[in-house]
Amino acid sequence: MAWRLLGLLAKESIQFLRDRVMLVLILWLYTVEVVICALALTFEVEDMPLAVVDLDRTAASRSLVETFLVTDAFAPAGHFSSATDAERSLQSGRARIALIVPEGFQQGLVRGQPVPPQVLLDGTNSNVAAQARAYALEIAARFSALSQGVSSRPAGAVPVIRVWYNPDQTYTSFVVLSMVALAAMMVGVFHPAASIVRERESGTIEQLRVTTIVTGELFVAKTLPTLVMGLLSVFPSLLIVWWFGVPLRGSLPTFLALTAIFLLSAISIGVLVAAISRTLQQALLLSFFGLFPIMFLSGTVAPVESMPETLQTISLASPLRHYMDVILGIFLKGAGFAELWNQGLALAAIGAPLFLLASRIFGRTTLQGG
Amino acid sequence: MRLGRVMAVVEKEAREILRDRITVGVALAMPLVMLFLFGYAISLDVDDVDLGVLDRDRSIASRELIDGFTQSGYFRLKRDYLSAAAADKDLQLGAVKLALVIPPGFGKDLARGEAAPVQVIVDGTYSATANLVAAYARTIVSRFGAGTPAAPRIEVRVWYNPALRSVTYIVPGLFGVILMAFPPLLTALAITREKETGSIQQIFASPLTPAEFLAGKLVPYGMIAFIQIIMVIGVGFVWFGVPLRGGLGLLLGTGLVYVFCTVGIGLLVSTVTQSQLAAMLIALIVTLMPSFLFSGFLFPIFTMPYLMQLYTRVFPARYFVDLSRGVVLKGAGLPELWPSVLLLLAYTAAIFAFAVFRFRKKVA
Numbered sequence: 170m171a172w173r174l175l176g177l178l179a180k181e182s183i184q185f186l187r188d189r190v191m192l193v194l195i196l197w198l199y200t201v202e203v204v205i206c207a208l209a210l211t212f213e214v215e216d217m218p219l220a221v222v223d224l225d226r227t228a229a230s231r232s233l234v235e236t237f238l239v240t241d242a243f244a245p246a247g248h249f250s251s252a253t254d255a256e257r258s259l260q261s262g263r264a265r266i267a268l269i270v271p272e273g274f275q276q277g278l279v280r281g282q283p284v285p286p287q288v289l290l291d292g293t294n295s296n297v298a299a300q301a302r303a304y305a306l307e308i309a310a311r312f313s314a315l316s317q318g319v320s321s322r323p324a325g326a327v328p329v330i331r332v333w334y335n336p337d338q339t340y341t342s343f344v345v346l347s348m349v350a351l352a353a354m355m356v357g358v359f360h361p362a363a364s365i366v367r368e369r370e371s372g373t374i375e376q377l378r379v380t381t382i383v384t385g386e387l388f389v390a391k392t393l394p395t396l397v398m399g400l401l402s403v404f405p406s407l408l409i410v411w412w413f414g415v416p417l418r419g420s421l422p423t424f425l426a427l428t429a430i431f432l433l434s435a436i437s438i439g440v441l442v443a444a445i446s447r448t449l450q451q452a453l454l455l456s457f458f459g460l461f462p463i464m465f466l467s468g469t470v471a472p473v474e475s476m477p478e479t480l481q482t483i484s485l486a487s488p489l490r491h492y493m494d495v496i497l498g499i500f501l502k503g504a505g506f507a508e509l510w511n512q513g514l515a516l517a518a519i520g521a522p523l524f525l526l527a528s529r530i531f532g533r534t535t536l537q538g539g
Numbered sequence: 454m455r456l457g458r459v460m461a462v463v464e465k466e467a468r469e470i471l472r473d474r475i476t477v478g479v480a481l482a483m484p485l486v487m488l489f490l491f492g493y494a495i496s497l498d499v500d501d502v503d504l505g506v507l508d509r510d511r512s513i514a515s516r517e518l519i520d521g522f523t524q525s526g527y528f529r530l531k532r533d534y535l536s537a538a539a540a541d542k543d544l545q546l547g548a549v550k551l552a553l554v555i556p557p558g559f560g561k562d563l564a565r566g567e568a569a570p571v572q573v574i575v576d577g578t579y580s581a582t583a584n585l586v587a588a589y590a591r592t593i594v595s596r597f598g599a600g601t602p603a604a605p606r607i608e609v610r611v612w613y614n615p616a617l618r619s620v621t622y623i624v625p626g627l628f629g630v631i632l633m634a635f636p637p638l639l640t641a642l643a644i645t646r647e648k649e650t651g652s653i654q655q656i657f658a659s660p661l662t663p664a665e666f667l668a669g670k671l672v673p674y675g676m677i678a679f680i681q682i683i684m685v686i687g688v689g690f691v692w693f694g695v696p697l698r699g700g701l702g703l704l705l706g707t708g709l710v711y712v713f714c715t716v717g718i719g720l721l722v723s724t725v726t727q728s729q730l731a732a733m734l735i736a737l738i739v740t741l742m743p744s745f746l747f748s749g750f751l752f753p754i755f756t757m758p759y760l761m762q763l764y765t766r767v768f769p770a771r772y773f774v775d776l777s778r779g780v781v782l783k784g785a786g787l788p789e790l791w792p793s794v795l796l797l798l799a800y801t802a803a804i805f806a807f808a809v810f811r812f813r814k815k816v817a
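If you're matching them up, the sequences are chains X and E in order. For the first sequence, position 229 (counting from the first letter as 1) is numbered 398 according to our numbering, and the numbering increases by one without interruption. For the second sequence, position 136 (counting from the first letter as 1) is numbered 589 according to our numbering, and the numbering increases by one without interruption.
Keep in mind that the hints are not guaranteed to be accurate.
Said to hold, decoys possible - If you only want the chain E side, here are some residues facing chain X, beta carbon under 10 Å, derived: (1) LEU490; (2) PHE491; (3) TYR613; (4) ALA634; (5) LEU642; (6) PHE657; (7) SER659; (8) GLN729; (9) ALA732; (10) LEU741; (11) MET742; (12) PHE752; (13) PRO753; (14) ASP775; (15) PRO792; (16) PHE812.
Just so you know, these hints were derived from the structure itself, not from any lab. The beta-carbon is built from N, C-alpha and C at its ideal position, and this holds for glycine as well.
Isolated chain X, as found in the complex (with noise of 0.2 Å):
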């Protein structure tokens, strides 16, 4: 028994091995793929590209457009000399934010019957504008505060904002964890799915039928490569989240034997593909359908919170969701076992039905016919 599933085993390892392409790709997801998107990404409005129209020339004026392009915010995008040119250039994209200071705009500072600069913004992405606004509204203030000039300290309430847990505000940490978290489900899905199906569709699962191996050994066989695979891509990983400078707060250990509980329910995923698919193809475009619900239920693309109660409901029972409490928790804030356990339970809860289910079709369809 021992003998043929260690048999088993090495013929898996060796096919596994043996597919450099496989192994680069997979590679490929865990560190290349983490860089560029850690690199890239960002919610942060920065270098928003700032069309300004100047109306006035006049000291205030220039004031109030050096106060916009001073913050990292904007980036300038040229100086028009009409609204109508940086309507143009927010038509073609070129500009994404216009600032239009109207004539006599310092006579109205003088006069203290101000007329109001205007902010034409592109809201084609929803989220950039909002900040856009609010970082617009924000120098507007100040830039009043300054030009009544009574105290260099603004009066009345200040907001001191600090975030936790992730104080640069950077999107670097939050897509470095969750890249590697996807990339976990995605290699935990496809593998699997694929090295049963291939078995199956090029015959080699015959001279197996054959042979005296077991259901279950030939189970064990076809997900445990994945599961320690899995577990050592985590190292290139954490070195790269490392080197992005993401703290590693909590245990490792206990990082480990989590992901291990993930990665079985993604495997259990990988099988029940495997076993209701005839062809590779399918195989494969099942999973990539099953993936993408998976994925965005899970909130590495967008938050939970802002989902409608429903999908909030459904997005309970994707695994990647716990797990990207369990890794955000134990990488951003240093949690353990203690406030873990939820996600834990969650993970386990998921993971064995659907294990239980994948061994159970595998045993039916795999080595007694299909």
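With chain X's structure known, arrange chain E on it following the hints.
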């Protein structure tokens, strides 16, 4: 290139596709599933953010400030704390996303016309919304009590999407993503499948030229893709109520070019790999991920570092997302959009030339 031979390949391929119910089902259902998931699940709007308050002042002013938060529509008062430790714990658990700490003497400072700092602690784990939450909190606090009439108020007008609904910007961008997700994948699988099962050898032995073979593969998948685009556009406009401000003809026309481009990428992928699993992963890396992450679909390109902005130029999704948003939301026409159209055409031509070249080398 003989039409008869191309048609023969088209017929064979069409028959194979239609026979495979799972593939057809996935190809047709997937874009809709994606559209609905995106339409409903990917909302980056913030509303009803759970707010915790530690009011150490308990004055009229502090209560007014809290009202300012709850009446803004963005925040929902969930907890009223008595100690900082309780607020810390809730933030740690994620029970509240934002804690507002009003120090003692807040009301008095305000009345005296002095600066009255208020601490706003934001849970930064989901920075996508943390940024927004912080921005809204900043606006509410700085507007509070700043009722000076002489200060110039700024007039902010939001164009193209005045309600700042995220669906309105997600759906037009999604056209670009969906067409990048499936057609290349299906095409790449269709050819690598023949390689893996060995039936490609029969093709090689036949009088078919590479161009004929590729054209025959392209037509049925191009058609599936075009059905997908029509479905997605229809549902996007009818169900999600996205406005169509530009010409439908322009959108469909550029959509057709884009479909050829994506199918071409699928062909190219299939020429560099032997196995379907590898083809799928490559397709994932060169089509789905870039179109999703680096096309400006969700993440604005202008905030990326310069090198990454160059990287986004490598993938055609970026141009189509620009086109689609331009036509749908801004009502732009060819005069504004011709650079993107031209780039897309050039890209498609290059992809095809390269795919045929690679494929021919394999045959020889």
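Is the interface hint for PHE752(E) satisfied, with its Cβ closer than 10 Å to some Cβ of chain X? 5 Å, holds
Should the interface hint for ALA634(E) be scored as holding, given a Cβ-Cβ cut-off of 10 Å against chain X? ALA634(E) check passes; min Cβ-Cβ to chain X is 8 Å, inside 10 Å.
Is the interface hint satisfied for GLN729(E)? The criterion is a beta-carbon contact with chain X at less than 10 Å. 5 Å, holds
Given a cut of 10 Å on the nearest C-beta pair, is the interface hint for MET742(E) held or broken against chain X? 7 Å, holds
Take the shortest C-beta to C-beta distance between SER659(E) and chain X; is it under 10 Å? With a minimum Cβ separation of about 22 Å from chain X (threshold 10 Å), the hint on SER659(E) is violated.
Supplied contact hint for LEU741(E), tested at 10 Å Cβ to chain X: 9 Å, holds
Mind checking the CB of PHE491(E) against every CB in chain X and telling me if the closest is under 10 Å? This interface hint holds because 7 Å falls under the 10 Å limit.
Just to be careful: measuring from the Cβ of LEU642(E) to every Cβ in chain X, is the smallest value less than 10 Å? 5 Å, holds
Let's test the interface hint: is any C-beta of chain X closer than 10 Å to that of PRO792(E)? 9 Å, holds
May I ask you to test the interface hint for PHE657(E) with respect to chain X, counting a Cβ-Cβ separation under 10 Å as satisfied? Violated: closest Cβ of chain X sits about 20 Å from PHE657(E), beyond 10 Å.
Would the stated hint for ASP775(E) survive a check requiring a Cβ distance to chain X of less than 10 Å? 6 Å, holds
The hint names PHE812(E) as touching chain X; please verify it with the least Cβ-Cβ distance against 10 Å. 18 Å, violated
The structure shown violates the earlier hints numbered 6, 7 and 16.
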